[in-house]
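Colleague: Residues per chain, in single letters:
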Amino acid sequence: MKEAKQMSVSAIQNGTVIDHVPASNLFKVIQILGLDRIDTQITFGTNLESKKLGRKAIIKISGIYFEDEDINRIALVAPDAKLNIIKDYEVVEKKVVEVPDNIVGIAKCMNPKCITNFESVTTRFKVVSKKNVALKCHYCEKITTQENMQII
Amino acid sequence: MKNRSLVSIDDFSTEEILRILDLTEEFEKEPTRKLLEGKVIAILFFEPSTRTRLSFESAINRLGGKIVGFSDASSSSVSKGETLNDTILTVNNYCDLIVMRHPIEGSARYASEISSVPVINAGDGANQHPTQTLLDLYSIRKTQGRLDNLNIFMVGDLKYGRTVHSLMMAMSRWNATFNFISPEELKMPDEFKLYLDNLGLKYYEHNDFTDIISRADIIYMTRVQKERFSDPIEYEKVKNVYVLRNSMLKNTKPNMRILHPLPRVNEIHQDVDSNPKAYYFEQALNGVYTRQAIVCSLLGII
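Chains as they are written, first to last, in the working numbering: chain A, 1 to 152; chain B, 153 to 454.
Derived from the structure by calculation, the hints contain no laboratory data.
The model shown is predicted, which means the values in this text are computed figures rather than measured ones.
It is possible that part of the hints are untrue.
[Unchecked claim] Which chain B residues face chain A? A few, computed with CB under 7 Å, are given here:
id, residue
1, T235
2, N237
3, I256
4, E257
5, G258
6, S259
7, Y262
8, G277
[Unchecked claim] To give a feel for the contact side, a few chain B residues facing chain A, derived at Cβ under 10 Å:
id, residue
9, D162
10, L236
11, A260
12, R261
13, E265
14, N279
15, Q280
16, E343
The C-beta atom is built at its ideal place from N, Cα and C for all residues, glycine as well.
Using the sequences plus the hints, can you model the full thing?
Modeller: Structural data, given as structure tokens:
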């Protein structure tokens, strides 16, 4: 066994650990993944020290494994998130999130004259740049850049 | 193309665009036919645009179709606070096709997704106006005999001008060279120049409206609008600089034609009108044939 270290959030037997979530976006991740609506045990810690992010959050979800497609939806708010898939207290797989090709919901179109800002229309974007994320609105065809991005 | 909507020029492949242009040619030969008899077309104009509306109405009337609709949101239930969603879901029960113009961008795409009948976008804010682009393409092909390898000059408001953006994107399919003439404040936005860069197409930018137009196959004029300027003095300086006069056409190519989406204010001097190179009124007429082709094609009639 490796050097024992104090865990801020207790271990889970089976499930998914999402690490390196920016502390400020923890609740957005919870919302995007619908964690507020599942009934298995979830523990999370936030404002934990992180060399990379300053303050990070970690979420441990028992008994749930995500499809890549679902987990990639958090890429806009937690681009550096790392996933550990846990089986019987062991990490059996590690994953990183990837910005998907299309974003449905999640982000707001920055164009104040866009229909999605007038009527209850679910936003839809095509990702035109993944590095410095840029989204092209399916409706008004205007680009929303990372700096202007607002998460719904 | 039956039961498809036309929201953005990019909705049509190159083959589909050419098919519309070929059909337009047929309607030009024979514009009065009873093809739309028994059809009801809703023309919903949430903001006024008399020219575009009359062009659609003329196109449909000549083919024997019936029209319902409104020409201004104040005379519809929109003024009572009805959502676009509800307007479309109601009106699509009354008609075979919807033509709509709306000040909000993306409204036509949204309408096309909820409507049970095809939707033609007749302008959604600063976004798209594809029937204008198709009639521009028709006018170019008709006057030049081809669409390939042409030198297109665009003059005036290249920043906010929706028609120049759509036409530029469309003409990029046929290896055009572009020359952009505009005041500094109204230059072609970077995103469109990037688009041309990515395709490897050549473009040149100019501030001065000079002899360089002698190289043009098409000069596409647009209106420089006062409301685009935050400083009224800047507008006064600019407004008389980008005016095309008959004397400037001396050295232009014989095949060159002048296009303008209309309405014009003073950017084309009236002394140009009698020059055979002035084509903007014929262009407006081509709009009727183009819209006949689009409507019939989306209804699956031809």
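Colleague: Which numbered hints does this structure break?
Modeller: Of the numbered hints given earlier, the structure breaks none, since each of them holds.
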